[in-house]
Every structure is written in structure tokens, then in C-alpha cells.
Amino acid sequence: MSATDQPQPSDSGDGPPPMPRWVKAFGTGVLALILLVIMMVAGVGGHHGPRRHMHFGNSGADTPPATNAPRP
Amino acid sequence: MIMAPGLRKFVLIIHLVFSVGWIGAVIAYLVLGVSAGTNENAQTVRAAWIAMELIGWSAIVPLAIGSLLTGLVVSLGTAWGLFRYYWVLITFALTTFSVVILLLHMPAVSSGANAVRETTGTKIVDRGGDLLHPGVGLLVLLVITILNIYKPRGLTPYGWRKQREERGQVIPRA
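Chains as they are written, first to last, in numbering that gives the first Met the number 0: chain A, 0 to 71; chain B, 0 to 173.
Be a bit skeptical, because a hint or two may be false.
Stated by the list, open to error - Pair by pair, the computed Cβ-Cβ distance ranges are:
hint : chain 1 : residue 1 : chain 2 : residue 2 : range
1    : B       : L102      : A       : I37       : 18 to 26 Å
2    : A       : I37       : B       : K8        : 40 to 48 Å
3    : B       : T119      : A       : T27       : 43 to 51 Å
4    : A       : R20       : B       : P106      : 16 to 24 Å
5    : A       : G14       : B       : V16       : 16 to 24 Å
6    : B       : I100      : A       : W21       : 19 to 27 Å
7    : A       : I37       : B       : V139      : 16 to 24 Å
8    : B       : G120      : A       : M18       : 21 to 29 Å
9    : B       : S57       : A       : M38       : 29 to 37 Å
10   : B       : M0        : A       : K23       : 31 to 39 Å
Claimed, not checked - Residues from chain A that face chain B, not an exhaustive set, calculated with beta carbons under 7 Å:
hint : residue
11   : Q5
12   : P6
13   : P15
14   : P16
15   : P19
16   : W21
17   : M39
To be verified - From the derived model, a few chain A residues whose C-beta atoms are all more than 10 Å from chain B:
hint : residue
18   : V22
19   : T27
20   : L30
21   : A31
22   : L34
23   : I37
24   : M38
25   : A41
26   : G42
The set of hints was computed from the structure by calculation and includes no laboratory data.
Idealized CB from N, CA, C, for every residue including glycine.
Between the sequences and the hints, there should be enough to build the whole structure, so can you do that?
Have a look at this one:
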């Protein structure tokens, strides 16, 4: 939040200025990301919830050995 | 309350040091997280996790909180304000979000570091690294940096009203 320059006064008319396009685009992107995260948490498309990423790459550490593996 | 120019610059320097330091610490953490996830050497993975915990609690968390607090002081102590411009508001929201996620994630990092301390052999390598949180966090910090450099135009309705009040103009009622 660095405020190195001073803000310039705007010359809008009687009403408040409309929301800029970049804010709308940014908001749309954030909404899409939130929806994506909700879908991941809900388990749509596999087990991609946040718990999966708590310990990245931990899957398989506690997996029991396969019982049908060929014996020597 | 608007700060005097000398004080404003001093607070701004502290804020920039915290913010740039936060980005640097996250990059260092990300390097360790990737290294822990890709390295096959158990000692390297163990060392990476212990260093990630240290960097997280000793550098990233204090720098992040410092950046948030000094950012509040800079915005409230200058004509930019906190709610007057969209870029300031979005920066504040993203910074707060990042700090909250960081504080929620760090206990998991500590448990990961504790686990590799107590584990021996190849199970350490199976733990992997930490890529998602520092990766997304770094992207968010870069977005915040871009917003702070470009300062895109856009007054909020609150900012417009305050600007009119300061000019002594009558605000039409809706």
C-alpha cells in the first residue's frame, strides 16, 4: 500500500463515478477463483480439497502394502 | 489525520521494507518447498522442512503482519485513505486475506517440520514439499505490487462523497 504520489482530484459530474472496468474484470476473476475453490472443497473433480495440500506429496506415506504383490 | 511529509516518508520506508522483505522471504520459502518436494535425499528434505518452519515463523509471519499494519498507517495517514480508491481497498483486502491464510497454514508447516524431525529413512522423502500456498501467495503479492505501482484510477462512492465534502460542494441526495 505505498502511497508515493498524491491522488488527483476527479472531475465527475453530479453523481459518483461508475465502477472502473478494471475493478469489474478483477472482481469477475476473483469470483471465478472462489467458485473454483468451492468446487475443489466440495470434491468435484476428485479429492482436491485444501486438506490434500496441507502436506504436499504426503499421499502414500501411510498406504498399506498391496496384498496381491508377487512374492519372491 | 494526514501525516506530515517527513513522517509519511518514514512510515512509507518501513512499509516498503516489510512488503519487499515479505516477497523475498516467500521466494526463499518457495525454493525450499520445491526442493523438499523434488529431492530424493532424506537429509535435504528434513533440512528444508526445518528451514521452512523457521523462515515461516521468524520472517514471513512478522513481515506480513508488519506490512499489513504499516500499510494501514500509510493509507489512513495520507490523502489516499483506506476506502476512497478501489486500488487501495483491493490491496487491503488481498493483504488481509494473505495474512489470514498464512496464519492458518503455518501450524501445518510446523507439524510437517515436527514429523520429519521424528521420521527416519525414506518416509521423509515421501512427505514431499509445499508448493501450493507459497506459489499462490507469491502471485497475490505480485498482484498487490502491480496495483501499488500503477495505482489505477477509480474513486469509490465513499471516496467521491468525501472529496466533495472536502471541496465544500453540496452532495445531491439519491
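**Message:** Under the constraints set out in the numbered hints, which ones does this structure not fulfil?
**Reply:** 4, 5, 8, 17, 18
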